[in-house]
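Engineer: Assemble chain C onto chain B, guided by the hints.
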Amino acid sequence: MAVFRNGSAKVSGLKENKSLLPYFLLAPGLIYLILFFVFPIISLGQMSTKTSSGEIGQYKQSFRFANYVDAFLQSKEQFGRSFIYAILATLLALAVSYPLAYAIAFKSGRWKNVLLVLIVAPFFTSFLLRTIAWKQILGEEGPVIKVLRTLHIISPQTSLTATSFAVVTGLAYNFLPFMTLPLYASLERIDPRTLEASGDLYANGFTTFRKVTLPLSMPGVVAGTLLTFIPAAGDYINAAILGSPSTKMLGNVIDARFFKIVDYPTAAALSFTLMAAILILVTVYIRKAGTEELV
Amino acid sequence: MKKLTRWLSKNLIRVYAFLGFTYLFIPVFYTFAFSFNNAGRSNLVWKGFTLKNWKNPCGAPDICMALGNSLKIGLISTILATVLGTLIAFALGRYKFVGRSTTNLLIFLPMATPEIVLGASLLTMFLNLGINPGLVPTIIAHVMFCISFVVVTVKARIASLDPRLEQAAMDLYANEWQTFRRVTLPLVAPGIAAAALLAFSLSFDDFIITNFNSGTVTTFPKFVYTAAARGIPAQANVIGSSMFFIALIVVVVGQVLSNKRKAKI
Numbered sequence: 148m149a150v151f152r153n154g155s156a157k158v159s160g161l162k163e164n165k166s167l168l169p170y171f172l173l174a175p176g177l178i179y180l181i182l183f184f185v186f187p188i189i190s191l192g193q194m195s196t197k198t199s200s201g202e203i204g205q206y207k208q209s210f211r212f213a214n215y216v217d218a219f220l221q222s223k224e225q226f227g228r229s230f231i232y233a234i235l236a237t238l239l240a241l242a243v244s245y246p247l248a249y250a251i252a253f254k255s256g257r258w259k260n261v262l263l264v265l266i267v268a269p270f271f272t273s274f275l276l277r278t279i280a281w282k283q284i285l286g287e288e289g290p291v292i293k294v295l296r297t298l299h300i301i302s303p304q305t306s307l308t309a310t311s312f313a314v315v316t317g318l319a320y321n322f323l324p325f326m327t328l329p330l331y332a333s334l335e336r337i338d339p340r341t342l343e344a345s346g347d348l349y350a351n352g353f354t355t356f357r358k359v360t361l362p363l364s365m366p367g368v369v370a371g372t373l374l375t376f377i378p379a380a381g382d383y384i385n386a387a388i389l390g391s392p393s394t395k396m397l398g399n400v401i402d403a404r405f406f407k408i409v410d411y412p413t414a415a416a417l418s419f420t421l422m423a424a425i426l427i428l429v430t431v432y433i434r435k436a437g438t439e440e441l442v
Numbered sequence: 664m665k666k667l668t669r670w671l672s673k674n675l676i677r678v679y680a681f682l683g684f685t686y687l688f689i690p691v692f693y694t695f696a697f698s699f700n701n702a703g704r705s706n707l708v709w710k711g712f713t714l715k716n717w718k719n720p721c722g723a724p725d726i727c728m729a730l731g732n733s734l735k736i737g738l739i740s741t742i743l744a745t746v747l748g749t750l751i752a753f754a755l756g757r758y759k760f761v762g763r764s765t766t767n768l769l770i771f772l773p774m775a776t777p778e779i780v781l782g783a784s785l786l787t788m789f790l791n792l793g794i795n796p797g798l799v800p801t802i803i804a805h806v807m808f809c810i811s812f813v814v815v816t817v818k819a820r821i822a823s824l825d826p827r828l829e830q831a832a833m834d835l836y837a838n839e840w841q842t843f844r845r846v847t848l849p850l851v852a853p854g855i856a857a858a859a860l861l862a863f864s865l866s867f868d869d870f871i872i873t874n875f876n877s878g879t880v881t882t883f884p885k886f887v888y889t890a891a892a893r894g895i896p897a898q899a900n901v902i903g904s905s906m907f908f909i910a911l912i913v914v915v916v917g918q919v920l921s922n923k924r925k926a927k928i
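As they're listed, the protein sequences go chains B and C. According to the numbering used here, the first sequence is numbered sequentially starting from 148. According to the numbering used here, the second sequence is numbered sequentially starting from 664.
The hints are simulated quantities; they were obtained by calculation from the structure and are not laboratory data. One should not assume that every hint holds.
Sample of chain C residues at the chain B side, in silico, Cβ under 10 Å [claimed, not checked]: (1) 671; (2) 775; (3) 787; (4) 804; (5) 867.
Cβ pair distances, simulated, as ranges [claimed, not checked]: (6) C:797 <-> B:192: 19 to 27 Å; (7) B:297 <-> C:819: 45 to 53 Å; (8) B:343 <-> C:765: 38 to 46 Å.
Beta carbons: idealized from backbone N, C-alpha and C, even for Gly.
Bound-form chain B, shown alone (with noise of 0.2 Å):
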């Protein structure tokens, strides 16, 4: 470690040299980075107060931050339903995960690697066969919704498919790894032995779960619920193809924006007020969760 440190580097030539060295490592990322992340988020803001100059697609700035009040309120239902959607789409995604992720961290033995592995492995065949695999499996040519049918579970006008329901829950499917990975990875972090000392001074196995496991485990799911909740509340796939037109989300509007109507600063100022919303959002969650273990 000694090597790397760059500590005063007013020394010699040779150090001088090494304290620019963190610099020429980062340089190449970071300006590709400005490039193309941080340019068109600026481009992004310029375009989304600028008014059509008569023809289709093209526009002149004339800095409209009405643009901003008329975008929100002609789409203030998809505003809702992505952030409705997209928390519960998180809780169900961490219901599901957390024992899932809590087996593998101390009940898999020398299998560990193996279902870590597993947990993973579904990305690897396309999101969008899976997505569309569930519609299949459960829309009305499908298995489950016949033995739920003959069974009288739901009765024969109800569907599962092109609900909210469905919505919700293939966005919590799609994002289950980002939610199971941080909380296996702080989970496994957990010195067992803290466990044990909790059985020792009395505590039953529901005590030690609250007290002990669940403080400790805080981290991960603050990093995952973030990881779920973000690209689900950005996310209109699911809602295309599991949904209906009542269930629409923000990113239907947007991509309908930019790709069917052409009104593009329309669809920069919902961009924008959808990215500020979230990071206002995280950044609360962060401070409330009092944790900035994330990056």
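Structural biologist: Structure of chain C alone, referenced to chain B:
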């Protein structure tokens, strides 16, 4: 009965984990099973077993062109993102420097931005500059969103290294470069490989950002999405399942190799 409840309460978490994995894999099995379906153009209802889709995976029009584009975009993006991201990870993992927290923020922000905003903003910039969407803008976009994931993965590996190994190398009169080349790099290599695999799978599977920036270039996810409207050909299931098995083989072989290396040491 009593025995059963005792077994259940003892193994509840295992039963639950089994159900969890079943849930994860149902669509994967479904996709695999329907790759053997003897269906015509749309692969909705089971019509009997056949191997014809596996014998002729390029049978559906344009599907292999789309696959070729996805592989090309995935490979180029992976190489570029892995190089750029690994360099940043070494800077962050090894040095104290001014601007560290700004760098961390710049790495974190692309991961905290929804894909649709990334895609829309890049397209807006390209349109402003008069650049048409296509293959190159798509690769530029993929490298951008893969870099952060590479940095996080490689940085975690660097942070987990035992610094005494490098000190030992220095004590044995290795210079800085030799230490890096013979000790640090081999130890970080599995992290870099994992990051590259992650970058490739993110790029290969990406639809939203690609859809914004690829114009008329079709990738495999774009092909699937467009085909979904009129029924997906079974060949898409063949390709999806193959990717799954290839990825599993790569991971297993990697694991076996690293176990062997550990055994040697």
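Engineer: Please go over all the hints and tell whether each is borne out by the structure.
Structural biologist: Each hint tested on the structure:
Nearest Cβ of chain B to the Cβ of residue 671 (chain C): about 14 Å, over the 10 Å cut. The hint is violated. Annotation: residue 775 (chain C) was flagged as interfacial toward chain B, and the flag holds, the nearest CB pair being 6 Å apart, inside 10 Å. Using the Cβ-Cβ criterion of 10 Å, the hint placing residue 787 (chain C) at the interface with chain B is satisfied: the shortest such distance is roughly 5 Å. About 7 Å separates the beta-carbon of residue 804 (chain C) from the nearest beta-carbon of chain B, less than 10 Å, and the hint is met.
With its C-beta approaching chain B no nearer than about 8 Å, residue 867 (chain C) sits inside the 10 Å limit, and its interface hint holds. Between residue 797 (chain C) and residue 192 (chain B), the C-beta spacing of about 25 Å keeps the proposed range 19 to 27 Å intact. The beta-carbon spacing between residue 297 (chain B) and residue 819 (chain C), approximately 50 Å, falls within the hinted interval of 45 to 53 Å. Distance hint for residue 343 (chain B) and residue 765 (chain C): a CB-CB separation of about 43 Å, consistent with the stated range 38 to 46 Å.
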